[in-house]
Amino acid sequence: MNKLEVRIVRLEPMRVICFNGFGPSPEKLAWDKLMAWAKGRGLWNDGQPHRFFGYNNPNPSPASPNYGYDAWMTVDDSIQAEGEARIIQVEGGLYAVTRCVAGPQGEDIYQTWQKLIAWVENSPYRNANMRRQWLEEHLSLLIPPADGSFVLDLMDPVVE
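Take any residue in the sequence shown, note its place counting from 1, add 91, and you have its number in our numbering.
Keep in mind the hints are simulated off the structure, nothing from the lab. Keep in mind it's a predicted model, so treat the numbers as computed, not measured. From the three backbone atoms N, C-alpha and C, an ideal C-beta is built for every residue, glycine too. Treat the hints with caution; some may be incorrect.
[Said to hold, decoys possible] Restraint ranges, calculated between C-beta atoms of paired labels, are given here:
1. 157 - 213: 30 to 38 Å
2. 114 - 235: 16 to 24 Å
3. 167 - 230: 39 to 47 Å
Taking the hints into account, I'd like the entire structure generated from these sequences.
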């Protein structure tokens, strides 16, 4: 079994635009909304250092196949929310971070999350999920691999 490589990262405060998808596969819905919005404003792949994050909102429930997913893109102060978009000021903070190369259907994401959670439980850090949102930073949205896989940094909020 490969040893999980974890680094502790301080995420700086940021301003993001947020789109939510809801249904049995909400990730695609949320990212499609965000991409359409950004492309329509010339912000997709515009050479700016945008970052992309996502997380379940609301979480899956055993009683329903539907759940939600929020997709974020960092934006500057000139961007305003419109329609179903929301602007969120993210406070930042300390995160335990590990890289995950996921298959086209999201293979390995759940298992890597479980390993990261176990790592935090056995580390000198304490979980801070009640204070800050866990995140998936999407690193390959602008240039996706040809095989359909994608790269994420899984980010579990921690405190010392």
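Here is what the structure says about each hint:
no.: 1; hint: 157 - 213: 30 to 38 Å; in the structure: holds (34 Å)
no.: 2; hint: 114 - 235: 16 to 24 Å; in the structure: holds (22 Å)
no.: 3; hint: 167 - 230: 39 to 47 Å; in the structure: violated (21 Å)
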